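> Next come the chains, spelled out residue by residue.
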Amino acid sequence: MKAALTPSEVQDPPAQKAARHRRGVREWATFLAFLAPNVLLILAFIYYPLASNIYYSMLDWRLGAASADFVGLKNYLTLFTSPTGLDMWRVTLIFTISTVVISMAIGLLLALVLNRNIPGRTFARTAVFSPYVLSGVGVGMVWNFIFDPQIGLLSHVFAFFGANSPDWYLDKNLALVMVIVVYIWKNLGYCAVVYLAGLQSIPKDLLEAAAIDHAGPVRRFFTISFPLLGPTTFFLIITTILSSMQAFDILRIMTPTGHGTNTIVFELFLQGFGVYQRAGYSAAISVVLFLALFIITTVQMRFVERKVHYA
Amino acid sequence: MVNVSLREVSLSYPGTERPAVADVDLEVADSEFLVLVGPSGCGKSTTLRMLAGLEFPTSGSILFDGADVTDVSPTTRDVAMVFQSYALYPHMSVAENMEFSLKNTGVAKDRRRELVAEAAAMLELEDLLGRKPKALSGGQRQRVAMGRAIVRRPQVFLMDEPLSNLDAKLRVQTRAQISALQRKLGVTTVYVTHDQTEAMTMGDRVVVMNEGRIEQAGTPRELYNSPATLFVAAFIGSPTMNLIPATRGADGTAVGAGVSVSLPRDLPESGEDIVLGIRPEDLAVSPGEGTSELELEISLVEELGSDTFVYGTTPEQDPLKLSEKPVVARLSKGGVPRRGERMSVHIDPAQVRVFDARTERLLV
Chain Z
1 MKAALTPSEV QDPPAQKAAR HRRGVREWAT FLAFLAPNVL LILAFIYYPL ASNIYYSMLD
61 WRLGAASADF VGLKNYLTLF TSPTGLDMWR VTLIFTISTV VISMAIGLLL ALVLNRNIPG
121 RTFARTAVFS PYVLSGVGVG MVWNFIFDPQ IGLLSHVFAF FGANSPDWYL DKNLALVMVI
181 VVYIWKNLGY CAVVYLAGLQ SIPKDLLEAA AIDHAGPVRR FFTISFPLLG PTTFFLIITT
241 ILSSMQAFDI LRIMTPTGHG TNTIVFELFL QGFGVYQRAG YSAAISVVLF LALFIITTVQ
301 MRFVERKVHY A
Chain D
312 MVNVSLREVS LSYPGTERPA VADVDLEVAD SEFLVLVGPS GCGKSTTLRM LAGLEFPTSG
372 SILFDGADVT DVSPTTRDVA MVFQSYALYP HMSVAENMEF SLKNTGVAKD RRRELVAEAA
432 AMLELEDLLG RKPKALSGGQ RQRVAMGRAI VRRPQVFLMD EPLSNLDAKL RVQTRAQISA
492 LQRKLGVTTV YVTHDQTEAM TMGDRVVVMN EGRIEQAGTP RELYNSPATL FVAAFIGSPT
552 MNLIPATRGA DGTAVGAGVS VSLPRDLPES GEDIVLGIRP EDLAVSPGEG TSELELEISL
612 VEELGSDTFV YGTTPEQDPL KLSEKPVVAR LSKGGVPRRG ERMSVHIDPA QVRVFDARTE
672 RLLV
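Read top to bottom, the protein sequences are chains Z and D.
Be aware that the first sequence starts at 1, since it is given in the numbering used here, and climbs by one per residue.
Be aware that the second sequence starts at 312, since it is given in the numbering used here, and climbs by one per residue.
If a hint is listed, it holds; no wrong ones were tucked in.
Derived pair list, reagent style SDA-like, types lysine to any residue, alpha-carbon separation capped at 20 Å: (1) D:K445 to Z:S201; (2) D:K445 to Z:T223; (3) D:K445 to D:P401; (4) D:K636 to D:E604; (5) Z:K204 to D:N476; (6) D:K414 to Z:F226; (7) D:K443 to Z:S225; (8) D:K420 to Z:T223; (9) D:K445 to Z:G230; (10) D:K443 to Z:I202; (11) D:K443 to Z:L207.
Stretches of chain D that chain Z covers, calculated by requiring three or more beta carbons in the stretch to come under 8 Å of a beta carbon on chain Z: (12) 400-406; (13) 409-417.
Each pair of labels, with its calculated beta carbon distance range: (14) D:G352 to Z:V137: 52 to 60 Å; (15) D:A378 to Z:T298: 56 to 64 Å; (16) D:D336 to Z:V101: 50 to 58 Å.
Note that these hints are calculated values from the structure, not bench results.
Note that this is a predicted model, so its numbers are computed, not measured.
The C-beta atom is built at its ideal place from N, Cα and C for all residues, glycine as well.
Using the sequences plus the hints, can you model the full thing?
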């Protein structure tokens, strides 16, 4: 609220100007007093580390070493051209695509079942969602016992059929399949619950109208339900990509050295804090990961609202 | 087109004591426009949904031209329905909405376009065919919903309060359009509404439902002139019939609050307690031969231009008691009384309907 000018100020234009200036300074001071603590904290704990990280990504620096060489964009070139870097991208791509696609597909099927009036529906919904809230470390440890080729539950299943359990941990491809399976198991409930919410938000009238319009259950799903789940599907694609690209705990617990399971975040850890201690290269990975996640989040924020059909 | 029969149809939902629909027996003639009317929860929409195959009766049967369709799924039951919400597919254009059912039955693309264009012309939707439902006004959406129904040329049209989301003026216009369209197409139509004016103006026949049962079925004129029950008398008409509790005397008169009326000689046997039903327009300002006088203290005057509705209480009534409904008189000519004034209205015994207070059924 603006303070009223005194009668003398009203009569004297230079005094008016000076009074306005004083008021402006006071308002700025108040504004800064409120804003500064938060801005300083954000600068110190978010933007300074971010800027430092970008700087470290241009260094050839072993973690904890007293000196480092400035190498410009070399770490980035290595990341996109070296066999290790390319392998990381291959693993990340396979892991992300398979976990996203399979989690969403099975999640949708589960949601369709859970949306029906089946006995024990509440229990089934809870059971489907519960793995999502478990700790990734705990889940990884339990599944380690299941996959163990000697004593694992799965080895008994193979033995029952007269086969030997494959060595999930030694074969790079099988190790990747193993962590994908566990990751999907843990995150399936999230997709199912979000799809269930999406299905329940579809007005019942539309499905009834479609039934009266001669559309059978399968046709109703593909022509009405699935298109109307568009916003939900888009939201899930974005959030599960973000989640899969940041997967770490299960991978680290089940395959501690990243044998065939070195997705981007896991590789970042292994390079920076594992045996290599290549902090500069690890910083470059984190900058690229940051940019990728930033772009995906921006796309989501820009388009997800536009995709909503309901008028 | 077909005639539709409901034979002792009942539907009870699990965990409820009262059936949603109880023993409904109804015949809808070929090409007839039948309106189901009643208050919320009376079972009218449930009956319509059973006709559509969206609900299945717990007992009884539904027949289309004599063929039992009770358990036939909505997908194969050849009916079209207009929903209260219109239920337009939001991701499809108007044209796609209209041709959806034709596509599902394998109608060729050229024929589909032809049928959609024909229906669109009938409903003046030609310029809207490329639009999505969210880009349409309420009235346009309603027309698209109608278009989607008529493009199929179904055996039966079912309409569930299709006008309830429109404003008053548009509702009157659309009411006339739907009636005209139904007559033109000659499709057997069952229409659900809670609005008795809509029911009376649109239906060839009107069925009044209450608590899952049919109270009365008849032409609008029959329902208005001879309501079979107190419920129908109180539901049909605006304002509704004046219902004055009275006692039947041995001398052939009925004595109620502030009035004494000669009862018809052919009045069937009943208990002592009766209810006199008098339409507001049957209360005359001037006395006539054999009329009875009723004195009112005017509590409200509603001036509608062509008519004036005067609400008053008899000296025996307590105007502050909500349970005691005021007597309403419709005055079309003469001086208009003012609130607080006293006036006398005159009752012609020939216009009085007499109900048994115990059974709530019409005696004469």
